[in-house]
Amino acid sequence: METFPSEIAEGERLDRSALERILSMILSGGTPQSFVLLRDGDVNPTELETFRQAIKRTEIRDSAVVWIKKNIPHRLFRQLDEEISKPLSGDHLRIDKESILLCSAGAEEYEHGTPQPRLLRITPIRGDINFVKVAQDIFYLSYLNWGSPRHSYADPAPLRLAHKQASLLAEGIGGVGPPF
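Using this note's numbering, you'd call the opening residue of the sequence shown number 11 and step up by one each time.
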């Protein structure tokens, strides 16, 4: 069964045909130097291998898959001398060689409560991947906020758009092509 981008719903695995179609749409405008696939939640081994095989057939120099996890037991805080405070937007902590905690919407965005960081797990596929640069790009994508561009969301724009599209599809409102 062939899957089209507008038929990929929240919680589904990306099958081979969906990944190949996504790459084909991207490559139709020329070959980018790098390509990073953002994935909400866990990436299963089949998806990872499918993406790895699809990238092998391209001339893309640098590539990675980023798993973005929302519901995590971690929080970030700032410490200045003896004072401990909530994190600011952009604060991050590298946990290990593949994982970074990123606070994309910090204390200046939240009046109440502690900002919840996102766990970014970065899996290199090909080339030289700068993990901090990838986290920085995801942070910048959290500021793609058409209603109020001076404020960020906790999630980057591509994930927000994918969730919006999945919600519309779940309600029976279909569409073909980009969600704009």
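There's no promise every hint is true.
To be verified - BS3-like mimics (lysine-lysine), calculated; alpha carbons at most 27 Å apart, straight line: (1) 107 x 66; (2) 143 x 96; (3) 96 x 80; (4) 80 x 107; (5) 174 x 66; (6) 107 x 79; (7) 96 x 79; (8) 174 x 107; (9) 107 x 143; (10) 80 x 174; (11) 79 x 143; (12) 79 x 174; (13) 96 x 107.
What the hints assert, rightly or not - Here are the computed distance ranges between Cβ atoms for each label pair: (14) 147 x 80: 17 to 23 Å; (15) 34 x 118: 26 to 32 Å; (16) 85 x 174: 25 to 31 Å.
Derived from the structure by calculation, the hints contain no laboratory data. For clarity, every value in this text was computed on a predicted model and none was experimentally measured. By construction, the Cβ of each residue, glycine as well, lies at the ideal position given by its N, Cα and C atoms.
Cross-check of the supplied hints:
For a cut-off of 27 Å, the pair hint linking residue 107 to residue 66 stands: about 23 Å separates their Cα positions. With a C-alpha separation of about 23 Å, the suggested pairing of residue 143 with residue 96 holds against the 27 Å cut-off. Of the pairs offered as hints, the one joining residue 96 and residue 80 holds, with about 18 Å between alpha carbons and a cut-off of 27 Å not exceeded. Of the pairs offered as hints, the one joining residue 80 and residue 107 holds, with about 19 Å between alpha carbons and a cut-off of 27 Å not exceeded.
For the hint linking residue 174 to residue 66, the alpha-carbon distance of about 31 Å lies beyond 27 Å, and the restraint is violated. Between residue 107 and residue 79, the direct Cα distance comes to roughly 17 Å. Compliance with the 27 Å bound is thereby established for this hinted pair. With a CA separation close to 20 Å, the supplied pair residue 96 and residue 79 stays within the 27 Å bound. For the suggested pair residue 174 and residue 107, the alpha carbons sit about 32 Å apart, so the restraint of at most 27 Å is broken.
Taking the CA atoms of residue 107 and residue 143, the gap is about 14 Å. The hint holds against a cut of 27 Å. As the CA atoms of residue 80 and residue 174 are separated by approximately 17 Å, the hinted pair is consistent with the 27 Å bound. Taken as a hint, the residue 79 and residue 143 pair is honoured in the structure, with Cα atoms around 18 Å apart against an allowance of 27 Å. Straight-line distance between C-alpha atoms of residue 79 and residue 174 comes to about 18 Å, which keeps the hinted pair within the 27 Å bound.
Taken as a hint, the residue 96 and residue 107 pair is honoured in the structure, with Cα atoms around 25 Å apart against an allowance of 27 Å. Range check, residue 147 to residue 80: Cβ separation about 18 Å, and the 17 to 23 Å hint holds. Judged by the Cβ atoms, the range 26 to 32 Å given for residue 34 and residue 118 is violated: they are separated by roughly 41 Å. The hinted window of 25 to 31 Å between residue 85 and residue 174 holds, with their beta carbons roughly 27 Å apart.
Checked against the numbered hints above, the structure violates hints 5, 8 and 15; every other hint is satisfied.
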